[in-house]
Amino acid sequence: DVKVTQSSRYLVKRTGEKVFLECVQDMDHENMFWYRQDPGLGLRLIYFSYDVKMKEKGDIPEGYSVSREKKERFSLILESASTNQTSMYLCASSRLAGESYEQYFGPGTRLTVT
Amino acid sequence: TQLLEQSPQFLSIQEGENLTVYCNSSSVFSSLQWYRQEPGEGPVLLVTVVTGGEVKKLKRLTFQFGDARKDSSLHITAAQPGDTGLYLCAGARNDMRFGAGTRLTVKP
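Each protein sequence line maps, in turn, to chains A and B. Residue numbers for the first sequence follow the numbering used here, beginning at 1 and rising by one. Residue numbers for the second sequence follow the numbering used here, beginning at 115 and rising by one.
Okay, chain A solo, but in the shape it has when bound (with noise of 0.2 Å):
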């Protein structure tokens, strides 16, 4: 059974912190990957990683970075929060199965940023 493990499920941070959100899988899935998730709009990709120390950047990169030292771990990084970054933000780990992409997610992080 996939387990995707997020550091923790509500963060408060106040504007110009620095927040670290972590993601432990326990699969050794390949690859990595940091949603957040906003009202009507779905999930959209921050980050993405297919391997140790490697990293990509997904849709909505800007104001944030990411970590992978470790293959089960992904750790996403605001470097300074601002308000428009409170969202839910989804950790999710796959392995390439085919042609599909089949992903497992953890449970979230609901960030608020005052």
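No lab work stands behind these hints: they were computed from the structure. Be careful, since some hints might not be right.
Below 30 Å or equal to it, Euclidean Cα-Cα: the simulated DSS-like pairs (lysine-lysine) are [said to hold, decoys possible]:
| hint | chain 1 | residue 1 | chain 2 | residue 2 |
| --- | --- | --- | --- | --- |
| 1 | B | Lys170 | A | Lys3 |
| 2 | B | Lys221 | A | Lys55 |
| 3 | B | Lys173 | A | Lys53 |
| 4 | B | Lys184 | A | Lys57 |
No experiment lies behind these values; they were computed from the predicted model shown.
Given chain A, put chain B in place with the hints provided.
Okay, now just chain B, sitting in the frame of chain A:
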């Protein structure tokens, strides 16, 4: 503009009714997935369809991939309150793109 358009955006029905939700695009996908997300949780994969025209059944849920692999539908028979949630479709090309979802509420 979403690459994948889901409709309806919201749907509220009574227990026992049937329903269909849609996922449409002008792009061709190598595969398409459906997820269900409950409040406060991450999406959970329901099914992956790969072949144009493919139909998959998961108990009372029937998923169909369009012949041209540009669209998909999800039909639920005799909906139950436990079916309540946000249904997301996601299409795979070189990457994965998600629709905004259909929020389904099934009232007892």
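To see whether the hints hold, each was checked on the structure:
1. In summary, the hint linking Lys170 (chain B) to Lys3 (chain A) is supported, as the alpha carbons are separated by about 25 Å, within the 30 Å threshold.
2. This hinted pair does not check out: Lys221 (chain B) and Lys55 (chain A) have alpha carbons roughly 44 Å apart, beyond 30 Å.
3. Note on Lys173 (chain B) and Lys53 (chain A): the hinted pairing is violated, with a Cα-Cα distance of about 42 Å set against a maximum of 30 Å.
4. Taken as a hint, the Lys184 (chain B) and Lys57 (chain A) pair is honoured in the structure, with Cα atoms around 25 Å apart against an allowance of 30 Å.
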